[in-house]
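Spelled out from the first residue to the last, the chains are:
There are 2 protein chains.
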Amino acid sequence: MPQYNPPLRDMQFVLHEVLNVVDELKVMPQHADIDVDTFNAVLEEGGKFASEVIFPINLSGDAEGCTLDKTTHEVTPPKGFKEAYKTYVEGGWPSLSADPEYGGQGLPISLNQCFYEMLNSGNQAWTMYPGLSHGAYEALHAHGTPEQKKMFLPKLTSGEWTGTMCLTEPHCGTDLGLLRTKAEPQADGTYRITGAKIFISAGEHDMVSNILHLVLARLPDAPAGSKGISLFVVPKYKVNADGSLAERNPIFCAGLEHKMGIHANSTCQMVLEGAVGTMVGEPNKGLNAMFVMMNAARLGVGMQSLGLTEVAYQNAVAYAKDRLQMRALSGPKAPDKPADPIIVHPDVRKMLMTARAYAEGGRALAIHTALLIDKELHHPDADVRKECADEVALLTPIVKAFMTDNGWIATSHCMQVYGGHGFIHEWGMEQYVRDARINMIYEGTNTIQSLDLLGRKVLGDNGAKLKRFGKKIAEFVEEEGISEAMQEFVNPLAELGDKVTKLTTEIGMKAFQNPDEVGAAAVDYLRVCGHLVFAYFFARMAKVALEKQNTGDAFYKAKLTTARFYFAKLLPETAGLIRTCRAGLKPLMEMDEALF
Amino acid sequence: MPQYNPPLRDMQFVLHEVLNVVDELKVMPQHADIDVDTFNAVLEEGGKFASEVIFPINLSGDAEGCTLDKTTHEVTPPKGFKEAYKTYVEGGWPSLSADPEYGGQGLPISLNQCFYEMLNSGNQAWTMYPGLSHGAYEALHAHGTPEQKKMFLPKLTSGEWTGTMCLTEPHCGTDLGLLRTKAEPQADGTYRITGAKIFISAGEHDMVSNILHLVLARLPDAPAGSKGISLFVVPKYKVNADGSLAERNPIFCAGLEHKMGIHANSTCQMVLEGAVGTMVGEPNKGLNAMFVMMNAARLGVGMQSLGLTEVAYQNAVAYAKDRLQMRALSGPKAPDKPADPIIVHPDVRKMLMTARAYAEGGRALAIHTALLIDKELHHPDADVRKECADEVALLTPIVKAFMTDNGWIATSHCMQVYGGHGFIHEWGMEQYVRDARINMIYEGTNTIQSLDLLGRKVLGDNGAKLKRFGKKIAEFVEEEGISEAMQEFVNPLAELGDKVTKLTTEIGMKAFQNPDEVGAAAVDYLRVCGHLVFAYFFARMAKVALEKQNTGDAFYKAKLTTARFYFAKLLPETAGLIRTCRAGLKPLMEMDEALF
Numbered sequence: 001m002p003q004y005n006p007p008l009r010d011m012q013f014v015l016h017e018v019l020n021v022v023d024e025l026k027v028m029p030q031h032a033d034i035d036v037d038t039f040n041a042v043l044e045e046g047g048k049f050a051s052e053v054i055f056p057i058n059l060s061g062d063a064e065g066c067t068l069d070k071t072t073h074e075v076t077p078p079k080g081f082k083e084a085y086k087t088y089v090e091g092g093w094p095s096l097s098a099d100p101e102y103g104g105q106g107l108p109i110s111l112n113q114c115f116y117e118m119l120n121s122g123n124q125a126w127t128m129y130p131g132l133s134h135g136a137y138e139a140l141h142a143h144g145t146p147e148q149k150k151m152f153l154p155k156l157t158s159g160e161w162t163g164t165m166c167l168t169e170p171h172c173g174t175d176l177g178l179l180r181t182k183a184e185p186q187a188d189g190t191y192r193i194t195g196a197k198i199f200i201s202a203g204e205h206d207m208v209s210n211i212l213h214l215v216l217a218r219l220p221d222a223p224a225g226s227k228g229i230s231l232f233v234v235p236k237y238k239v240n241a242d243g244s245l246a247e248r249n250p251i252f253c254a255g256l257e258h259k260m261g262i263h264a265n266s267t268c269q270m271v272l273e274g275a276v277g278t279m280v281g282e283p284n285k286g287l288n289a290m291f292v293m294m295n296a297a298r299l300g301v302g303m304q305s306l307g308l309t310e311v312a313y314q315n316a317v318a319y320a321k322d323r324l325q326m327r328a329l330s331g332p333k334a335p336d337k338p339a340d341p342i343i344v345h346p347d348v349r350k351m352l353m354t355a356r357a358y359a360e361g362g363r364a365l366a367i368h369t370a371l372l373i374d375k376e377l378h379h380p381d382a383d384v385r386k387e388c389a390d391e392v393a394l395l396t397p398i399v400k401a402f403m404t405d406n407g408w409i410a411t412s413h414c415m416q417v418y419g420g421h422g423f424i425h426e427w428g429m430e431q432y433v434r435d436a437r438i439n440m441i442y443e444g445t446n447t448i449q450s451l452d453l454l455g456r457k458v459l460g461d462n463g464a465k466l467k468r469f470g471k472k473i474a475e476f477v478e479e480e481g482i483s484e485a486m487q488e489f490v491n492p493l494a495e496l497g498d499k500v501t502k503l504t505t506e507i508g509m510k511a512f513q514n515p516d517e518v519g520a521a522a523v524d525y526l527r528v529c530g531h532l533v534f535a536y537f538f539a540r541m542a543k544v545a546l547e548k549q550n551t552g553d554a555f556y557k558a559k560l561t562t563a564r565f566y567f568a569k570l571l572p573e574t575a576g577l578i579r580t581c582r583a584g585l586k587p588l589m590e591m592d593e594a595l596f
Numbered sequence: 001m002p003q004y005n006p007p008l009r010d011m012q013f014v015l016h017e018v019l020n021v022v023d024e025l026k027v028m029p030q031h032a033d034i035d036v037d038t039f040n041a042v043l044e045e046g047g048k049f050a051s052e053v054i055f056p057i058n059l060s061g062d063a064e065g066c067t068l069d070k071t072t073h074e075v076t077p078p079k080g081f082k083e084a085y086k087t088y089v090e091g092g093w094p095s096l097s098a099d100p101e102y103g104g105q106g107l108p109i110s111l112n113q114c115f116y117e118m119l120n121s122g123n124q125a126w127t128m129y130p131g132l133s134h135g136a137y138e139a140l141h142a143h144g145t146p147e148q149k150k151m152f153l154p155k156l157t158s159g160e161w162t163g164t165m166c167l168t169e170p171h172c173g174t175d176l177g178l179l180r181t182k183a184e185p186q187a188d189g190t191y192r193i194t195g196a197k198i199f200i201s202a203g204e205h206d207m208v209s210n211i212l213h214l215v216l217a218r219l220p221d222a223p224a225g226s227k228g229i230s231l232f233v234v235p236k237y238k239v240n241a242d243g244s245l246a247e248r249n250p251i252f253c254a255g256l257e258h259k260m261g262i263h264a265n266s267t268c269q270m271v272l273e274g275a276v277g278t279m280v281g282e283p284n285k286g287l288n289a290m291f292v293m294m295n296a297a298r299l300g301v302g303m304q305s306l307g308l309t310e311v312a313y314q315n316a317v318a319y320a321k322d323r324l325q326m327r328a329l330s331g332p333k334a335p336d337k338p339a340d341p342i343i344v345h346p347d348v349r350k351m352l353m354t355a356r357a358y359a360e361g362g363r364a365l366a367i368h369t370a371l372l373i374d375k376e377l378h379h380p381d382a383d384v385r386k387e388c389a390d391e392v393a394l395l396t397p398i399v400k401a402f403m404t405d406n407g408w409i410a411t412s413h414c415m416q417v418y419g420g421h422g423f424i425h426e427w428g429m430e431q432y433v434r435d436a437r438i439n440m441i442y443e444g445t446n447t448i449q450s451l452d453l454l455g456r457k458v459l460g461d462n463g464a465k466l467k468r469f470g471k472k473i474a475e476f477v478e479e480e481g482i483s484e485a486m487q488e489f490v491n492p493l494a495e496l497g498d499k500v501t502k503l504t505t506e507i508g509m510k511a512f513q514n515p516d517e518v519g520a521a522a523v524d525y526l527r528v529c530g531h532l533v534f535a536y537f538f539a540r541m542a543k544v545a546l547e548k549q550n551t552g553d554a555f556y557k558a559k560l561t562t563a564r565f566y567f568a569k570l571l572p573e574t575a576g577l578i579r580t581c582r583a584g585l586k587p588l589m590e591m592d593e594a595l596f
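In the order they appear, the protein sequences are chains R and Y.
Under full-length UniProt numbering, think of the first position of the first sequence as 1, with each following residue one higher.
Under full-length UniProt numbering, think of the first position of the second sequence as 1, with each following residue one higher.
One chain only, chain R, in its complex shape (with noise of 0.2 Å):
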């Protein structure tokens, strides 16, 4: 059975001591009253809630799986997820950094991150379930009527009902412009909406009452494409203008989706057959309002690749300081028992040392993206809102795909270092990699993200957001370029910076004569990009662990260390990688699509 301890200090460091997230947010009115003592206290419930709740049933979840009553269409969530998610809400947690006016606690989304990290390494197919309410709740409250808003903020606040994403339609998923569910209106107002989705994560379960479905359909009149899609909220039950509950709607589950991982989520097939539903936002512009709910969730899939990481690298240390198995090549290591801990093995140590350093890269870069939402979201002066978004627009698609990229590469080593017993279920290594494996593919496939970083926040500006992301890095190296002991660090940033930089201008060079080189560099760029992120804050919290080195707390030269094999051993896969970006698109295009 694997084990999780939530790993406090290391979010503590990155928060208070590399990015100084209560200073940050206290010039914001929203949390002028935030300290470090409540930040650390909810992340210590929080861990606890994570470790003690929903860990335990992660491993049996994902053996059971969840069951379609096939006569009522109610699903069945494997045991134990029910009375988890009841404690949940009881502890508050659903209303965490949700909004005071339709019943928040309003505390920051980076601390929210935080929790979020752990929920996913407790439990991702457990977390997804709340999860999703919170795209819905960021779609309903930036686009939703005051009558929306009062009737369903509340509700998914106090976690009452759950919320969900019906996007997908088996034609299409990348393309939502295909899509053909149909919403006609009706003389009170609402729509009967009617078609078929796919892929519904938590689309129907039994652990809340009502069930709030964001829905994609096209109006009878709409435009064809991606212009003609509206957005519907459509409830589960109807609601009265009471609150209470009304009828069912038609809006069912007709079958559960067989997955590589993620059992424990029902991802159901949901069949809408003149579902009632209120439209949220304009006609025709879903997707627009659909879009805060899709790079809110980016940003959650990065959190669920790191929490996998995470525990699959806690797991795969336990292991390898347990498991006796050969000789060190150098000698004897512990020569009193029958064979040496496998840690002593240099490539054990490897692949151990890869998965910590993609789950601290990837920490520091998503609670330093969740404090720029933050300061998006309340900071007092506009342009400071207006460059944090503009940050949040160029990171999001680095989180999403290098952070999932890094979590399947990650749990695959973890999964490794167990030799055989890796791949036995009862281990629990096995299902994080098969969970790993969804974060690479939904809310928007590795690709797409690659395309939206390289084509729209890159090229679309001409580099204007890279340029100051480029600028931080250049004071960043220039301020810490004096310090010796910086050098190793700040040097190879600048270098890959400067590389960046050159590779950037020339694809967009040759974009110009064919856009596809767009698609032909997109995903190795993205790559090289997630790694130029990741250095500059490996080199920033080496900064902060050379500081306090000598403070006799070994946490600091652990974190010195990490910040090394990154540098020396994970670095260097750009390389390779600029190499293959240059190679351009012709090496893609040249077989005849009847020879492939």
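A hint or two may mislead.
Put simply, identical chains are the same to the list, so a pair is met inside one copy or across any two.
[To be verified] Keeping only pairs whose Cα atoms sit at most 25 Å apart, straight-line, the calculated DSS-like set for lysine-lysine is: (1) 227 x 337; (2) 510 x 333; (3) 238 x 150; (4) 321 x 586; (5) 557 x 321; (6) 333 x 586; (7) 182 x 337; (8) 548 x 586; (9) 586 x 557; (10) 149 x 285.
Honestly, the hints are just simulated from the structure, not real lab data.
Place chain Y on chain R using the hints.
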């Protein structure tokens, strides 16, 4: 539902046009009669078996899994498996490359390897039932007494019985020196064996009347460690002198492992309660005898990932041509359709081409290695036999580790092409990923393979084997260097060859200071060598394709295009790997164990 078309033309290209196997084989008395038509006819029939008999029960077998009757200890594989095995035996397939002295057809290993590629594309879990017999056959053939050979080999050859390899115990996998299973000598020359084994593939099933377990155990007076291990053959049912079956031997399946993949193969926990066996080979030299099985098995594992890569590729291509989603960035390619087929998108092509290149490179390497084994076994010139044996020793860890790492990358890419559908069982792609994962672990983890390559095969003889292979490459480069059309292939090949030479020397020097440097470099080093070997075979394939590209047969154009893709988009990975190799041991060992 996935599809599979045996890649006969691709295999024939490597066999007959690149490697000229028939000419190579004809000099051996054993294979004097072999001709191209025989090769092709067998492959065609073998392809039918793979695609028509075992492929249709692959997906259902994964969903159904195996069942253990805890009372009788009998295991039932999924529906259709027993019938497929009957068809296999009736077709004479088990005897394909077996020794004619024991009823075999004596056909070349190189032919059998191609057959196994197709079997693994069809159904890896099913293929492991007859596949494990090969290891038992090899061990008995090489080390059995005349009586053992006479009693067991004809039954394995006909497929009437199958075999297993019982090595692993709960506390030892890689480090077999720790094993505890005991063998007590009996007055009649037999042994009574007692212990517990785990991870025994095809350990129990109802497809044959008897199962021969090759079991590692310790004699009472055996020295500690790996020099005190003996090998025994332990039949499920004891065998009378006339070959008829006697009573049940107490070697039982006590449990089935719950695994990430290969669900349809019965991976058994085996308990031996004084089971009667006879010794194979000499006392305390069981590991030597076992290595005969292991080496064959390692090549077999490479073929498993090759088979999965090929079938995943074929399906991803079909999906990418069929699935309509978004428009090409460079403008609509199928303006008459609601969207373009996703094969127009450069990154989709990159994923497909990566799988294709890994399949084509792997196939060339695997057939080349199999041909070396044919020569090692039957070439009239002893020097040639020795030389071939050395090259097999060098290439075996590359076949095993490089091809299975590539298989993981390739199947994951092919799954990604499907978007969300890739995560769904019914499409078949996620099974390929799960099945491919075990190949990186069993028969010696890929870390162990890399230590075998760098520590034993390369540094162990001061680079002599590697130098001989390097000489082959240098000769090819020199010969083809005069051809302008070949520059694009031989130049990067030559460059990488030089880099490998230099890197090897560097690591060798460092290893003198600290043997752990070998462990730090090995995994990256193996991957660099894998690319060197692939680059060599892609250059050889390109040479043939260049010569024939004007025949009007587009097949050769496709070969050239794949080779170009390989050099442009996959080989550059070595740039990063060489750097991480060079970064050496220090970044891995700096972290105190307690700080992990």
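Handout entry: Structure versus earlier hints - violations, ascending order
Key = none
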